[in-house]
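Chain residues, written in single-letter form:
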Amino acid sequence: MMRLARIGFVLKKHKALYLLMLPGILYYLIFKYAPMYGIIIAFQDYSVGRGILGSKFVGLKHFIEFFYVTPDAWKLIRNTVMLNVYDLLFHFPTPIVLAILFHELKGKWFKRVVQNISYLPHFLSTVVIAGILVTFLSPTTGVINHLLVKAFGIEPIMFLGLPEWFRTLYVGSEIWQKAGWGTILYLAAIAGIDPMLYEAAKIDGANRLQQIRHITFVGMVPVMIILFVLTLGNFMEASFEKILLIYNSMNYETSDVINTFVYRRGILDADFSFATAVGLFQSAIGFVLVVAANRIVRKYSATSLW
Amino acid sequence: MNKQASIASRLFDALNVIFMILLMIVMIYPMVYVFSASISNNALVASGAVLLWPKDIKLIAYEQLLNNPDLWRSYWNTIRYTSLHTVLTLIATSAMAYPLAKRWLPGRRLILMMAAFTLLFSGGMIPTFIIVQQLGLLNTIWAIVLPSLISTWHLFIMRTFFEALPEELEDAAAIDGCGSMQILLRIVLPLSMPVLATVGLFTAVNQWNAFFNALIYLNDRDMYPLQIMLRNILIAGTNVQGEGDLTHLETLKYAMIIIGTLPILCVYPFVQKYFVQGTMIGGIKG
Numbered sequence: 001m002m003r004l005a006r007i008g009f010v011l012k013k014h015k016a017l018y019l020l021m022l023p024g025i026l027y028y029l030i031f032k033y034a035p036m037y038g039i040i041i042a043f044q045d046y047s048v049g050r051g052i053l054g055s056k057f058v059g060l061k062h063f064i065e066f067f068y069v070t071p072d073a074w075k076l077i078r079n080t081v082m083l084n085v086y087d088l089l090f091h092f093p094t095p096i097v098l099a100i101l102f103h104e105l106k107g108k109w110f111k112r113v114v115q116n117i118s119y120l121p122h123f124l125s126t127v128v129i130a131g132i133l134v135t136f137l138s139p140t141t142g143v144i145n146h147l148l149v150k151a152f153g154i155e156p157i158m159f160l161g162l163p164e165w166f167r168t169l170y171v172g173s174e175i176w177q178k179a180g181w182g183t184i185l186y187l188a189a190i191a192g193i194d195p196m197l198y199e200a201a202k203i204d205g206a207n208r209l210q211q212i213r214h215i216t217f218v219g220m221v222p223v224m225i226i227l228f229v230l231t232l233g234n235f236m237e238a239s240f241e242k243i244l245l246i247y248n249s250m251n252y253e254t255s256d257v258i259n260t261f262v263y264r265r266g267i268l269d270a271d272f273s274f275a276t277a278v279g280l281f282q283s284a285i286g287f288v289l290v291v292a293a294n295r296i297v298r299k300y301s302a303t304s305l306w
Numbered sequence: 307m308n309k310q311a312s313i314a315s316r317l318f319d320a321l322n323v324i325f326m327i328l329l330m331i332v333m334i335y336p337m338v339y340v341f342s343a344s345i346s347n348n349a350l351v352a353s354g355a356v357l358l359w360p361k362d363i364k365l366i367a368y369e370q371l372l373n374n375p376d377l378w379r380s381y382w383n384t385i386r387y388t389s390l391h392t393v394l395t396l397i398a399t400s401a402m403a404y405p406l407a408k409r410w411l412p413g414r415r416l417i418l419m420m421a422a423f424t425l426l427f428s429g430g431m432i433p434t435f436i437i438v439q440q441l442g443l444l445n446t447i448w449a450i451v452l453p454s455l456i457s458t459w460h461l462f463i464m465r466t467f468f469e470a471l472p473e474e475l476e477d478a479a480a481i482d483g484c485g486s487m488q489i490l491l492r493i494v495l496p497l498s499m500p501v502l503a504t505v506g507l508f509t510a511v512n513q514w515n516a517f518f519n520a521l522i523y524l525n526d527r528d529m530y531p532l533q534i535m536l537r538n539i540l541i542a543g544t545n546v547q548g549e550g551d552l553t554h555l556e557t558l559k560y561a562m563i564i565i566g567t568l569p570i571l572c573v574y575p576f577v578q579k580y581f582v583q584g585t586m587i588g589g590i591k592g
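Protein sequence lines, in the order shown, are assigned to chains D and W.
Mapping of the first sequence onto our numbering: residues 1 to 306, in sequence order.
Mapping of the second sequence onto our numbering: residues 307 to 592, in sequence order.
Pulled out of the complex, with its shape left as it was, chain D reads as follows (with noise of 0.2 Å):
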């Protein structure tokens, strides 16, 4: 009684300030907190008519679907796991790399005329780089195929037809667009460097190798830590609407993940109860890999998520 009174008295006293956050508090209720409470139509045979409350419950039945009758499940699951791996090994690096040479450069000028143009298809729009990937890559009439055709007269290549291409052009094209934007939280980062430190380390015969290595480098592991951290929390989404617009049925081999899998059944065929569970499926491992992450980067080191 005492404890509501209370309560009632701070939320008259700063009345304005809390009416400034009700409709952002609002947002995240309907928007964010409601559809997690939907996840209970994962257990249910949800439908439209009779809602949340009224459908029937029948436990792990869709997860049992999924894991042992889907026939898809564990490529779906291996797809989904490769391309993120992919993605970790070969696009999680080349921002830092990238930020040493910008750092390294020495015109001023040019220096900044090679960051803005990296930059630039960071703007660039989903469909765009997927439209310009398909048009580039067409076997008929792909200025990619033209080129190679042109410079090794080979036979034109259906990339996007062929499974053993896909992860490479969708790493490939995921470094090209992020990559130069990538650099950013990592040039402020080495911005930060106190210049005395590489002062010194002259002074004591550090050539530049070793000024990258032992100044530069270290400067960055902070950032390096949180973003390795935040890439984990993603780490199950991959560039999921990409994938969307760049596969097909032919390379289903190596590109249908998990989450193009919910779309089509959940979106398409309207399998509501069935998507949501192989989709909490999805971002129950994403939240265990990036608490995991934390946990163990806080135990090693000062940086931390939280």
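Just so you know, the hints here were simulated from the structure itself, not pulled from any lab data.
One thing to keep in mind: the hints can contain errors.
What the hints assert, rightly or not - Stretch-level coverage of chain D by chain W, calculated; a stretch enters the list once three of its residues show a Cβ under 8 Å from a Cβ in chain W:
id	segment
1	33-40
2	136-143
3	146-155
Said to hold, decoys possible - Below, in silico cross-link-like pairs of lysine-lysine (BS3-like), each with a Cα-Cα straight-line distance of 30 Å or less:
id	chain 1	residue 1	chain 2	residue 2
4	W	K364	D	K108
5	W	K361	D	K150
6	D	K61	D	K75
7	D	K202	D	K75
8	D	K106	D	K178
9	W	K579	D	K106
10	D	K108	D	K13
11	D	K150	W	K579
12	W	K408	W	K579
13	D	K178	D	K242
14	W	K364	D	K13
15	W	K408	D	K242
16	D	K111	W	K579
17	D	K61	D	K111
18	D	K12	W	K408
19	D	K242	D	K75
20	D	K15	W	K364
21	D	K178	D	K108
22	W	K579	D	K178
23	D	K111	D	K12
24	D	K202	D	K106
Even for Gly, the Cβ is constructed at its ideal location relative to N, Cα and C.
Given chain D, work out where chain W should sit, using these hints.
Same frame as chain D, but now just chain W:
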């Protein structure tokens, strides 16, 4: 020893410059090619005669697209969605970030935690779709604007900015009898133009480029934004010229890319510093 080191160092510089030039070529070539192909003769593009510079310049692809009512409608839709989204996002985000910047406000931590948790876990595609459907928002502009109204990153960027503003200014205004609302409108927001510009531009570019929400929430052709139109032409291979007419198929695709990207390319040089700034504020907060 010293001389050797300086030779190695110069070699490193030279290689670095060469690498950067290659990098710029790789970055720019696709964009130059798209532009060249969009103004060239369709047959020369399809057969591979156009590799860098335009050949047999023709603007027919642009003429055809500009005469297409669907394109104009989708352009208009994108402008509508983008402006409404940006305005509402700025209002809702700043209104929520301002109280959250007051360290003494009871309940502040709880609300911050509530927002931060959504970065780690979400209900997922289907439950969100069901909520939007149940609210009766399908096929309306609200299905595009509301589900992504507030970005938690942007909320945190704004809160960090507000926290750094000198409290004395607000105290002075409070003594003069201004309420919280007036302080926010008359003192805090005018001082926060850099962060408002950053968040506004991020939101606008994201919405301009977005296609997935439109794909799942809209099925009325008249509501399609530009990106859906782009997708249909570029990827699904929908013909915009009417049945069986394939004479400009290739150039049309490239012209469509240019038309869809031009506004962003035009404003980019003027606004890129805000983007860089915003990313750094957000990053430092981490």
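Hints and how they fare:
no.	hint	result
1	33-40	holds (count 7)
2	136-143	holds (count 4)
3	146-155	holds (count 4)
4	K364/W - K108/D	40 Å, violated
5	K361/W - K150/D	18 Å, holds
6	K61/D - K75/D	20 Å, holds
7	K202/D - K75/D	53 Å, violated
8	K106/D - K178/D	24 Å, holds
9	K579/W - K106/D	21 Å, holds
10	K108/D - K13/D	54 Å, violated
11	K150/D - K579/W	41 Å, violated
12	K408/W - K579/W	28 Å, holds
13	K178/D - K242/D	13 Å, holds
14	K364/W - K13/D	69 Å, violated
15	K408/W - K242/D	40 Å, violated
16	K111/D - K579/W	15 Å, holds
17	K61/D - K111/D	58 Å, violated
18	K12/D - K408/W	16 Å, holds
19	K242/D - K75/D	19 Å, holds
20	K15/D - K364/W	64 Å, violated
21	K178/D - K108/D	23 Å, holds
22	K579/W - K178/D	17 Å, holds
23	K111/D - K12/D	55 Å, violated
24	K202/D - K106/D	17 Å, holds
Against the hints set out earlier in the document, violations occur for numbers 4, 7, 10, 11, 14, 15, 17, 20 and 23.
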